[in-house]
Every structure is written in structure tokens, then in C-alpha cells.
Amino acid sequence: MHNLGFALDGAWQVLIAGLALGAGLPILFALGIRSLAWGAGAASVTSTGVTTATRRPLGTVLGYALFAVVIIGVLLGLTFIVASGFGYKLDFANLYPTLVAK
Amino acid sequence: MILALVVITALAFDFTNGFHDTANAMATSIATKALRPKTAVALSGVLNLVGAFLSVEVALTVTNAVVKIQDKSGAPKAELLADGGSTLLLIILAGLVGGIVWNLLTWLLGLPSSSSHALFGGLVGATLAGLGVAGVNWNGDGSKLDGVVGKVLLPAVISPVIAGAVAALGTWVIFKITTGVAARFTENGFRWGQIGSASLVSLAHGTNDAQKTMGVITLALIASGHWSDLENIPLWVKVSAAVAIAAGTYLGGWRIIRTLGKGITDINPPQGTAAQSGAAAVILASSHLGFALSTTHVATGSVIGSGLGRPGAKVRWAVAGRMALAWLITLPSAALVGAVMFWVGDTVGGTAGALVVFTLLCLASIAMYLRSRTGKVDHENVNDDWDGAESAPADAAKLPAAAV
Chain A
1 MHNLGFALDG
11 AWQVLIAGLA
21 LGAGLPILFA
31 LGIRSLAWGA
41 GAASVTSTGV
51 TTATRRPLGT
61 VLGYALFAVV
71 IIGVLLGLTF
81 IVASGFGYKL
91 DFANLYPTLV
101 AK
Chain B
1001 MILALVVITA
1011 LAFDFTNGFH
1021 DTANAMATSI
1031 ATKALRPKTA
1041 VALSGVLNLV
1051 GAFLSVEVAL
1061 TVTNAVVKIQ
1071 DKSGAPKAEL
1081 LADGGSTLLL
1091 IILAGLVGGI
1101 VWNLLTWLLG
1111 LPSSSSHALF
1121 GGLVGATLAG
1131 LGVAGVNWNG
1141 DGSKLDGVVG
1151 KVLLPAVISP
1161 VIAGAVAALG
1171 TWVIFKITTG
1181 VAARFTENGF
1191 RWGQIGSASL
1201 VSLAHGTNDA
1211 QKTMGVITLA
1221 LIASGHWSDL
1231 ENIPLWVKVS
1241 AAVAIAAGTY
1251 LGGWRIIRTL
1261 GKGITDINPP
1271 QGTAAQSGAA
1281 AVILASSHLG
1291 FALSTTHVAT
1301 GSVIGSGLGR
1311 PGAKVRWAVA
1321 GRMALAWLIT
1331 LPSAALVGAV
1341 MFWVGDTVGG
1351 TAGALVVFTL
1361 LCLASIAMYL
1371 RSRTGKVDHE
1381 NVNDDWDGAE
1391 SAPADAAKLP
1401 AAAV
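Protein chains in written order, with the working numbering: chain A, 1 to 102; chain B, 1001 to 1404.
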């Protein structure tokens, strides 16, 4: 059953990539939403009632920064689809992604 | 003449592939009302169309994964061309019919099953009938993940589990992070999260699945001597396959959308975001690594995962179990139809045989379409509550299988 070996070999790589991008990016996105809400002063509803809105610019900036990371991740995904369609592949050998011909 | 029937049938398969798989990308966005149903299918259709044109890679060797009717370069095996390619064309035709019939039947039952497995199943069956056991690529040659086992069976078991794990973890953490955050931030934010991730899935679907039809049509053209270039696909094949899959997607397989979006678990926007992102990441990562899988299995696995990951959410295991059963029998059932179709076509013989097969396909399709008119599911009632509602797919499931 050589196929089982190949499949398991591929499976854990897919799992790692899936966890990093498929769970990681939405988690960053959720953190971004939380930061935005915190930045607008609406993050906490406590037993003493809703705290009045005090703006926290840091939260807003952090929120948008996190969104930017997510968008870059999505753009990388798109680049990957388009590039592999035209015979290129994304190469992460230099840490930053480069396009190389297959 | 036979060639024309093969081309029409291949495009018909592409069309059913489209509407069968709309759900994979859009079911969660429709269920959470992130997008209106019509907007969702239109967006998905356009992205499938774009996706189909994005790839210039030649998917000519698509059948090599499961059957041995082509050599490595994509040219049909020489011994199959001895009779002018008519056996080869009949195998392709019968295989496509097997795929279409199974796609339509599972649609009628509202079950998301894999279109690629249906196509592969049909081809395996037709090849078994036409060339015998040796014509099927069961286990590959040992050098890479290949054959019925490596390209179909193992990924079908593994990929939903991976996608489910990713989506479950994503959902769980997202709920931990966003508990207590005002709804006006989460609602709008995750709405866009869903639309973005669903769009990625649609695009990836267009690039992967339209290719299969293009490969099959081009193979038929080569077998009948109407095309000889192994490096390129005729433009009209590309355009027609892209349009067929986009039109199918736009039509929307509402029954399947309903099962996936409402039937398995009740989804809210953060779950939808986690599920679609998980699906998109798993699909892209696997195609990057050459790990063949079905969009359907991934999307379903991730929806179940998002139900498991959200505290307090329930997964309807009866629905999930019925789908798993459908996955198990997809390959053998489509193979059976493919084999019977080849046998019928071969017995009648020649052009008449192909015509008979095509007529049988039309009759079966019409029968299933008429059956679907009772207990209709469309964009109006796709989001009705699953429990308690007169659910058409559930009723249909109790009926004996429609005549094939």
C-alpha cells in the first residue's frame, strides 16, 4: 500500500498549511474585529453596565493592521491560483514569496 | 456524430458539475444571509467563469488518474484507435452519462456528493465494461499518489477530516475571541469574511473542475482525429466548458445548498467564515501539493467542523451520515451506470448505440427533473428552518431511487 504512505505524507502537510492559513487567518481577522471594537470603546459589557465609549486609536490601528495581514494572505492565495494556472508556482525559499516557472 | 454526442454530454456534465457544487462555496453565505441567494449564485457563477479561463495548463491527462485509455503525454492509446476511436468515444460517453445520472440523482436527494468522483466512477465502470479489469488504474505504479485508491478513495477519507479539524479549531478560537464584542462589529466584519472566503472557493473550483471537462472533450477530439495538438486545448472547448460550468453554478443546486447550509448544522457568520476559510486553505494547499481531492468533501467536512467547534451548536449526524453513505456509493454507482451504458451502446453498436445511450440519458434526466418539481427547493425557500419544515430533500430521500 504505497499509496497510503503517499497519502499520509501529503495529508499532514495539507493539515499544517490548512491550520496556518485556514484557521490562522480567520483568527487574525477575529482579533482585528475585536481590536476595532475595543478601539471604538465598545469591547466590554460588564456587570456594572456598558462602559461609555472612550476611543482608543491604538485599537483601531491594530485592527486595521490585522485586516491588512489577512488581506495579504488572501492576495497570496489568489496569486497562487492565478500563477499555477499560467505555469508558475509560488516559491517561499527566500522567505518572501517569489514566482518561479515550473 | 458520436463525437458531437460526446461533446454535448461532456458539456452537460460540466453544467451539472456547476450546479452541484454551487453549495460548496455559497451554502454558508446564503444560510447566514451574508449574501442574498441570487447574488450569491451570480457571484459564484462569475468567479467560476473567470476561474475556468485562469488556467492555461493542459488538463488533457485527467482520465489517467483512474483508467488507462491515454498514455502519459495525453495521446489516446494506439490500440484504442484501431477502430477509428469509436470504442474510446463510447467509453467516454458512457462514463460521462454515469457521472451525470449520479449527479442528478444526488441533487434530487439534496445530497452533496463529489462531481469528480461521479465522473471517475462513470469512467471506471465504462472502462471495466469495455476493456476489462486491466484497463483500470487501481493503485498507480508506486511512484506517486495515483490510481483509484490514491486519487479517489484515500483523499475522500482524509480530506473531510482535515478540513473539519481546521474549521473546528478556527470556529472555536474565533468564538473565544469575539465573545462579548458588540454585534455591530462582528456581524458586519464576518459578513465580509464570509464573502471573501467563499469567493476564493468559487475561483478555485472554476480553475479545477472546468479543466476536467476541457480535458475530456479534447481527448474525444483527438481520438476521432479532429485535433492533434497535445499542448493546447481548442479555444471553443475552453469557452464552452467555462460557460457551461458558470451557467450551472448560476442556476444553483438549491437542494444541496439547503442541505449544506441549513441541514448539517445551524450556521452563523463567524462559523461561516471559519468554514469557508478552512475549505479554501485546504483546497489550495492540496492542489499546491498535488493531493487530489474533491471540493465537495472539503466543504462538507469544514461545515461539520464549524458545527463541532462552536460551543453549544449541534450537528445533525443523521444528515451527515446520509451524506457519508452517498460518498461511499458514488464511485460504484456511477461505475454501474457507466458500465451498463457502455454495454448497451456496444450491443447496439456504432452510431445507433451512441444515440441509444444519449436518449437514455435524456429520459433519465427528464424523469428526475419532473420528480424535482414536486417538493421544489429554490431561492425562495432555501433558508427555511430545517426541523419541522416540510423538507423536500428529506422526503425525496425516502422514495425509491429514480429509474436510471
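Derived from the structure by calculation, the hints contain no laboratory data.
Heads up, a few of these hints could be off.
[Unchecked claim] Label pairs and their computed distance ranges (CB to CB):
hint	chain 1	residue 1	chain 2	residue 2	range
1	B	Asp1384	A	Val61	42 to 48 Å
2	B	Lys1144	A	Ile71	45 to 51 Å
3	B	Lys1072	A	His2	33 to 39 Å
4	B	Ala1352	A	Trp12	51 to 57 Å
5	A	Ile71	B	His1379	42 to 48 Å
6	B	Trp1236	A	Trp12	38 to 44 Å
7	B	Lys1072	A	Leu90	23 to 29 Å
[Said to hold, decoys possible] Footprint (simulated), chain A over chain B, 3 or more residues, beta carbon under 8 Å:
hint	stretch
8	1034-1045
9	1112-1123
10	1151-1161
11	1267-1276
12	1322-1329
Quick reminder that beta carbons are idealized off the backbone N, C-alpha and C, glycines included.
Against the structure, the hints come out as follows:
1. At roughly 43 Å, the beta carbons of Asp1384 of chain B and Val61 of chain A sit within the given window of 42 to 48 Å.
2. Evaluation of the 45 to 51 Å hint for Lys1144 of chain B and Ile71 of chain A yields a failure: the beta carbon distance comes to about 35 Å.
3. Take Lys1072 of chain B and His2 of chain A: their Cβ atoms lie about 19 Å apart, and the range 33 to 39 Å is violated.
4. For the pair Ala1352 of chain B and Trp12 of chain A, the beta carbons lie near 52 Å from each other, so the given range of 51 to 57 Å is met.
5. Look at Ile71 of chain A against His1379 of chain B: about 30 Å separates their beta carbons, and that is not inside 42 to 48 Å.
6. Look at Trp1236 of chain B against Trp12 of chain A: about 42 Å separates their beta carbons, and that is inside 38 to 44 Å.
7. For the hinted restraint 23 to 29 Å between Lys1072 of chain B and Leu90 of chain A, the CB-CB distance of approximately 26 Å keeps it satisfied.
8. Coverage of the stretch 1034-1045 of chain B by chain A is violated. Counting CB-CB distances below 8 Å, 0 residues qualify, and the rule asks for three or more.
9. Requiring three or more residues with a Cβ within less than 8 Å of a Cβ of chain A, the coverage given for the stretch 1112-1123 of chain B is violated, as only 0 such residues are present.
10. Coverage of the stretch 1151-1161 of chain B by chain A holds in this model, with 4 residues showing a Cβ closer than 8 Å to a Cβ of that chain against a need of three.
11. Given a C-beta distance limit of less than 8 Å, the hint that chain A covers the stretch 1267-1276 of chain B holds, as 3 residues qualify and 3 suffice.
12. Residues of the stretch 1322-1329 of chain B with a Cβ under 8 Å from some Cβ of chain A number 0, which does not satisfy the need for three, so the listed coverage is violated.
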